[in-house]
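So the protein sequences, as listed, match chains A and B. Residues in the first sequence are numbered consecutively from 35, following our numbering. Residues in the second sequence are numbered consecutively from 145, following our numbering.
Note that these hints are calculated values from the structure, not bench results. Hints are supplied without guarantee of correctness; some may be wrong.
What the hints assert, rightly or not - Below, a list of computed lysine-lysine pairs in the DSSO-like style, where the Cα atoms sit at most 27 Å apart: (1) Lys50/A <-> Lys135/A; (2) Lys50/A <-> Lys385/B; (3) Lys269/A <-> Lys385/B; (4) Lys269/A <-> Lys381/B.
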Amino acid sequence: MARRQISSGFDMPDNKASVALNAPLVLFLLLTIVVPLGGIFFFSLAGEAHPFANYADALASPAFVRVVVTTLILGVIVSIVTTTFAFVFSLWVLRLPPRAKIIAVGAIILPFFVSYLLRALSWIPVLGFNGLVNRILMSTGLIETPLSLIYNPFAVVLGTANVLFPIAALPLLAAFHKVDQRLLAAASSLGASRAVIFRRIFFPLVAPATLSTTVMVFAVATGFYITPSVLGGGKVLLAPNLIELLIHRRGEWGTGAALTIVLLVVYMSAIVLARRLGNPSRRRRS
Amino acid sequence: MTGTHTRAARSFIGMLTDGSLAIAGLALLCFALMPVLVVAAVSVTGGESFDIPTDDLSLRWYAEIVQDTHWRTAILNSLTIGIVSTVFALLLGGPAAYAAQRYSFPGKALVETLAVSPLVLPTVAIAAAQYLVLAKLQLNGTMIAIIITHVVYVMPFVFIICGLGIAAVDPLIETAAFSLGASRWTAFRRILLPNIYPSIISSALLCFVSSFDELVLALFVGGGVQTVPLTILGELKYELKPTIAALSVSLSLLTVGLAGMAILLMRRGRIALSRLAS
């Protein structure tokens with residue numbers, strides 16, 4: 035009732051108008067999102083022996099299980115690394131003067147203007163065989179032969195953390211700025227040291243947002259395709275890459291569909307968890 | 145005195161943590177900006193490979209973008225896909241955004257969840273699902289297939305940004321227009337459109353850039369259609385040239401320029417609106 039300020043222009047009742055306005059989009063999305071996702075769920079259950087044959091086949095294959103486990107482990111590492119980076123960065127930005135704050139936030143938004151693919155590729159001139167890091171290390175005489183820094187899990191973690199860094203830093207910055215500075219000042223005037231203020235007042239206040247950000251980063255990281263396929267160099271196979279390989283290149287739709295459903299379940303549970311953690315008040319009410 | 149002693153020690157530790165925090169913060173800022181800096185540096189290299197220039201600089205890779213025929217085809221394809229997808233996203237997402245802001249109707253929450261779902265769900269899962277359906281329809285490998293998937297991919301930007309724009313317009317202005325006998329079309333054209341065109345422009349811009357840069361959907365359903373990201377991926381397999389860095393910098397500058405223009409338009413729009421109010 036709050037929204038019904040417009041008594042519709044002509045004799046068209048609200049319901050008819052909203053149906054007419056929504057119908058094209060809803061029909062289009064039914065055909066392009068709901069039906070395809072329903073279809074992939076159907077395919078995952080269309081095993082030859084019994085409905086769950088595709089899932090059973092997948093679980094029985096050590097390669098398949100290894101890919102899922104690698105995806106989860108790398109997801110956890112990426113989420114911890116990214117959130118730690120974003121946490122330290124946000125702490126620093128919190129203390130900056132207002133003008134510098136705007137510049138720092140603007141700077142971390144800048145990479146959004148470069149495509150995912152290019153951001154992944156940009157690590158090749160840095161970490162590659164003849165890359166910046168190897169050139170510097172060789173010229174200082176620290177190493178004799180170039181290190182292989184790229185096309186391994188380390189490069190995948192670094193590249194993914196780099197892409198997700200601003201996505202983690204923005205919600206953390208928002209949460210840090212919501213902390214009432216008077217609480218910190220009061221603690222300080224009562225003689226608490228900075229370490230104590232951080233540990234007993236600041237950190238407990240920002241912990242829910244930090245945890246929620248960590249889980250969100252984990253969810254997004256498990257769905258990454260471009261960064262691991264460029265920086266893994268075919269050696270680091272993650273769930274999204276395996277989905278592409280199975281469905282697109284090999285035509286093994288059954289197992290591919292089962293893996294897609296597994297990825298979606300992991301992803302959606304993490305997103306729901308992140309939302310819950312981010313809104314503790316809602317959880318208390320329910 | 146122990147009191148002043150500990151206070152001195154404390155402020156020393158404070159300075160130390162301030163210093164290390166500043167160093168860590170600056171290092172992380174560099175880490176975040178690295179891809180931008182590297183791509184910009186590679187784009188002006190005088191060398192032949194995708195590398196940070198060591199001695200001579202040149203702008204020839206920018207010329208290469210327009211001279212090389214296979215890049216020209218890829219850019220033309222990506223432009224077409226980007227523009228058509230943006231137009232369809234606006235036509236589908238705009239009316240639904242209006243309904244979501246102005247009316248209450250059964251299933252509203254469901255429609256809203258559905259409308260933002262392409263932004264929330266992992267692209268690979270959507271791509272895999274759409275690939276299966278488009279394969280049944282024998283549409284894979286056509287530009288139409290890429291456009292369909294891209295309309296879905298970019299539409300949430302229209303739904304969200306135009307929704308915010310519509311929410312900022314007082315519904316009473318429209319009610320006034322209706323009561324003065326304006327038709328729905330007239331009210332849309334004369335009242336709503338002039339007030340929300342900054343949101344339309346900024347969402348269109350975001351749609352276009354997202355489609356232009358999109359790789360995963362195009363990889364699944366595109367078949368042999370060469371878009372810019374697919375051409376880059378192909379080049380990655382044999383030899384990476386600095387052309388893609390030059391192309392990326394050009395596109396970024398174009399986006400920043402257009403976004404700057406959109407912001408200016410938005411400011412002017414607000415001024416016009418305030419004049420209307422006074």
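Hints versus structure:
no., hint, result
1, Lys50/A <-> Lys135/A, "violated (48 Å)"
2, Lys50/A <-> Lys385/B, "violated (56 Å)"
3, Lys269/A <-> Lys385/B, "holds (23 Å)"
4, Lys269/A <-> Lys381/B, "holds (14 Å)"
Of the numbered hints given earlier, the model fails hints 1 and 2; all others are met.
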